[in-house]
Amino acid sequence: MLNIQIISYDLLQVQLEPTTTWGVLRRDVYGPSKYTGLLQASKDILREEGLPGFWRGNVPALLMYMPYTAIQFTVLHKLKTFASGSSKTEDHLHLSPYLSYVSGAIAGCAATVGSYPFDLLRTILASQGEPKVYPDMRSAFIDIIQTRGVRGLYAGLTPTLVEIIPYAGLQFGSYDTFKRSMMAWNRYRYSHLHSGSENDSVSSFQLFLCGFAAGTFSKAACHPLDVVKKRFQIEGLKRHPRYGARIESSTYKGMYHALKEIVAKEGYGGLYKGLFPSLVKSAPAGAVTFVAYEYISDWIGSKAGVE
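Residues in the sequence shown are numbered from 18 upward in steps of one, following the numbering used here.
There's no promise every hint is true.
In silico BS3-like cross-links for lysine-lysine, where the CA-CA straight-line distance does not exceed 27 Å [stated by the list, open to error]:
no.	residue 1	residue 2
1	LYS60	LYS149
2	LYS95	LYS277
3	LYS282	LYS270
4	LYS149	LYS95
5	LYS282	LYS236
6	LYS236	LYS60
7	LYS95	LYS105
8	LYS270	LYS236
In short, the hints are calculated from the structure, not lab data.
This structure is a prediction, so every number in the text was calculated from the model and none was measured.
With the hints as constraints, model all of the structure from the sequences given.
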């Protein structure tokens, strides 16, 4: 349900991240880009498309989140269980931060590969603007297959994996670090309130705070790579000229070249386009996801212990 509610921020993020480059690359042909900021983009979308416009790309986004989350946490739990020798989440906290980072990175890569076509379709549908080039996900899928083949469904996969490795690694590594710190604080507080007794159990709200902090930190640190990823995904996208010139397929020769071009043409601020809606989306979603993961992992661990 939370993912459905924050799709609108996902749309604004997708709109703002790639837009500036389109205007810079072909300003002489099409003029400035349509969207220049969060408030202006929100007002224009509401006026021109109504409330449903904020949920453009909603279907492929939901189809992406379901397998992505399932694969990510299944792989993560298996890796941590293998490394610690236990399926209980409290035992997973004894793993080193390095192992938490590596486990998160591997799980993120597996989830990305398994759900990537939906991520691509989500970005394309959210970026196309009005009037729509693709009325629905099916038409976008067919056009990609006909014009670029099956490989077209994985356009931008390499920069996406380059982004997801540090992002997922930092997200899970920092979450475990924040959770350990919260447990230490609980032990300290409880021992002072109850004459030396210790209790380091973490409440659901504290888990939420740890997930919120981890989501914010990892997204802010890796956002420039997310900007580059989305610009590779929309290379050659058919789009109405008033939204800015499209990024041709030969614009960027690689991730390093893309980073250099963005900084050269837009300044370092270009690497952080769409950061605010991205954080508004990622932080609470990550928090709720981690709380759910903790309870599901504990349930799986208890079932395994009974058997």
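Exercise for the section: Against the structure, test the hints numbered earlier, and report the numbers of the ones violated in rising order. Expected result: Hint check: 2 and 4 fail, others pass.
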